[in-house]
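Visitor: Sequence:
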Amino acid sequence: MNIAITGGTGLVGRALTRQLQQHGHDVTILTRGESKTEDGITYVQYLQDGASPEDHLQHIDGFVNLAGVSLNSGRWTEETKTAIYESRIDATEEVLRIIRHMEKPPHVLINASAVGIYPPSKVKEYTEQETALSDDFLGTTVRHWEATANKASDYGVRVAMARFGVILHKDAQSLQLMALPYKLGVGGRIGSGQQWLSWVHVDDVARAIYFAIEQEEIVGPFNVVSPRPMTMQAFGATLAQVLTSPHWLPVPEFALKLALGEKSTLVVDGQFVQPDVLQKHGFRFQYEDAKRALQQIFH
Numbered sequence: 001m002n003i004a005i006t007g008g009t010g011l012v013g014r015a016l017t018r019q020l021q022q023h024g025h026d027v028t029i030l031t032r033g034e035s036k037t038e039d040g041i042t043y044v045q046y047l048q049d050g051a052s053p054e055d056h057l058q059h060i061d062g063f064v065n066l067a068g069v070s071l072n073s074g075r076w077t078e079e080t081k082t083a084i085y086e087s088r089i090d091a092t093e094e095v096l097r098i099i100r101h102m103e104k105p106p107h108v109l110i111n112a113s114a115v116g117i118y119p120p121s122k123v124k125e126y127t128e129q130e131t132a133l134s135d136d137f138l139g140t141t142v143r144h145w146e147a148t149a150n151k152a153s154d155y156g157v158r159v160a161m162a163r164f165g166v167i168l169h170k171d172a173q174s175l176q177l178m179a180l181p182y183k184l185g186v187g188g189r190i191g192s193g194q195q196w197l198s199w200v201h202v203d204d205v206a207r208a209i210y211f212a213i214e215q216e217e218i219v220g221p222f223n224v225v226s227p228r229p230m231t232m233q234a235f236g237a238t239l240a241q242v243l244t245s246p247h248w249l250p251v252p253e254f255a256l257k258l259a260l261g262e263k264s265t266l267v268v269d270g271q272f273v274q275p276d277v278l279q280k281h282g283f284r285f286q287y288e289d290a291k292r293a294l295q296q297i298f299h
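Numbering (the numbering used here), first residue to last: 1 to 299.
Since the hints were derived computationally from the structure, they do not count as laboratory data. Don't take every hint at face value.
What the hints assert, rightly or not - With a straight-line cut-off of 27 Å between C-alpha atoms, the simulated DSSO-like cross-links for lysine-lysine are:
1. 151 with 104
2. 280 with 291
3. 124 with 36
4. 257 with 36
5. 81 with 291
6. 280 with 151
7. 280 with 104
8. 183 with 124
9. 81 with 122
10. 36 with 104
11. 183 with 170
Work the whole structure out from these sequences, hints included.
Guide: So this is what it looks like as structure tokens:
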């Protein structure tokens, strides 16, 4: 297969590229930079004046759309929120435009999404069947993102939305922020500690996307999270154990909201999410256990 990826140079894009190449597939990455071929990867310019990526993508079998400004890009000012929202919608609209100009549309579009589409809850368990979706900034962004991507189905493309949990990798900003206090010896409970953290190792993210590309029965949303979510208290204690650091200094919720503003929702709120679709189709996680995932990352 030849798979085209937007956001291919990001954390997930790099892991997915390795996964695809290891299985003998060709990778084309859409980039704002110059078109080129490097290390067996074809880079095609898009979202730039004069660029016509469709001329170079007539042969692709699938699209994976990961493009978007990081949720961790500073405090969520109105300007930052606009960039987070528009970067996702604009890239997805460009993917749709490319598909419209293809003589033969790709078989599948895997579009990134997030478990932030589910309302925060300390008691509810969410699967892909959930219909009560969040209407806060993150939830609204993700709902509009999915709705835009789903328009590809009008052209006969199978569309599946990968709802990512908190992705664990040594370079992931979210994990770096959580780990830093422990590395300084001042880590502890974040907020109440009872909020849920639905996490996933980046290697399982790449494997899950590849799995969804191959599994023609996967249509619509599929949660990309470990089947063993943890409370923030339990995750912090596990992180402390892996980093051989004390878990003792609580960070109160009001302090996080003061420091991070609206962005604090990423750590003080949470959802208990299960990967029902992946598991029902036979996917097996390499990292179900958070301690094992963190040990792999840090050691």
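Visitor: Could you tell me which of the numbered hints above are not met by this structure, giving the numbers in increasing order?
Guide: Structure breaks hints 3, 4, 5, 7 and 8.
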